[in-house]
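Novice: Listed below, chain by chain, are the residues.
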Amino acid sequence: MYRWLRNTHLFVGLFSCLFLLMYGVSSVQMSHNTWFSSKPSTTESRVALGAGGAGDPRALARRLMEEHGLRGEIQQIRATAAGCAFRIVRPGTVYDIDYAGLSGQAHIKTHVAAFMGMLNRLHHIGGLWHDFGLVNAWAFFLGLVSAGLVVLGLTGIYLWFKIHTERLAGGILLALSLGYSLTLMVWMRAVAP
Amino acid sequence: MNGLIKKLHMYTGLLNFSILLVFGVAGLLAGFQPAPEKRTRPPLATRYEPFAAPPGLTDQEVADRVYQHLRPPLGGPVPDFALRRDAAQNLSFNFYTPNGFQRVVVLEKESRLLVETQPNDIWHFFSALHETMMRHTAGREWPVRLWGYYNEFAIWSLIGMAVSGVYLWLSSRPGYWPAVLSFAAGGGIFLLLYLLTR
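If you're matching them up, the sequences are chains F and L in order. Under our numbering, the first residue of the first sequence is numbered 1, with each subsequent residue one higher. Under our numbering, the first residue of the second sequence is numbered 1001, with each subsequent residue one higher.
Please keep in mind that the hints were generated in silico from the structure rather than gathered at the bench. The structure presented is a predicted model; accordingly, all values stated were derived computationally and were not measured. We put the CB at the ideal spot given by N, CA and C, even for glycine. One or more of the hints may lead you astray.
Claimed, not checked - Computed, partial: chain F to chain L, Cβ under 8 angstroms:
id	residue
1	M30
2	G55
3	G170
Full structure from sequences and hints, please.
Specialist: The structure is reproduced here in structure tokens:
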């Protein structure tokens, strides 16, 4: 049993390592956002899509994806005075597209996040319902690694408890941690929103 | 050295046991959350409160007055980027707490506030706890601030445990092939997804 759980702790921890580091480092970025520059780099371009397409922004977006290599999910479709506007978004990259119905020109602003901005976006992925398959893959591994985190916690407690010489010191630390966190949780949960 | 790192790894884990479970639950909830149109939440509880906004105040000053008036438990003042005007040009904003949120609409012409309260179920409570960072908790009540400190400690601990875990593996059983395979599989999937997404 001990050997099996020790190996489970090791394998789950090693498998999850880079994912957990990503969540940890991006949390530091969010908690101390002044430490890092998260300003994306922006470039602009124009693409001729032909006039009269404002009535079907999704078809325009699909053309941009198929013919011009834009990748991501279509979001925030809206009508504008000149035609329509929408976004194509994937983690770390946002294409802001403004289409003019008369000229048939699409003005594309591409915002690409730096490394820390990219980690921030990856941290916020959730759900398996996205049109962009890679986001679903990230969400799946988020779920897997989260389950792994629970496994790491529980197996870690068992592994500590089996080291008899560490029971006193570890027990004091665990009691302090549980006392602190459970008190705060119960205290906050008891308050009406 | 190995013994010291092992002790630190173990003690850090014990100090963070409950918050790691909170992170795990929050991650499971986020990973498998339904699409926005399929999400169901309890209905909002609505009430009105008398409130007269003095003339000549900025939106931020009005929001601060509303905060002083309502004093939402565990909530904090509203930052300026969170202030909105609705379709009828009424000022609106939310007070977030780990237990849910209050959506406030300032009905200036009627001299009252529309307050809609959305409680969190226990799972969303855990999710909100994992988002309660130290920098969001300034000026808020003690339990929220203390949780913010704990969250900060846990973030650094998570990084430390990931790094020390790899060190402990490499210093004890570096050639153990199932461990190598686990590390390569997880790292490979991460890097592949990262490169494809980039």
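Novice: All hints are to be evaluated individually against the structure, with a verdict given for each.
Specialist: Verification of the supplied hints:
no. : hint : verdict
1   : M30  : holds (6 angstroms)
2   : G55  : violated (24 angstroms)
3   : G170 : holds (5 angstroms)
Going through the hint list in order, the structure does not satisfy hint 2, though it satisfies all others.
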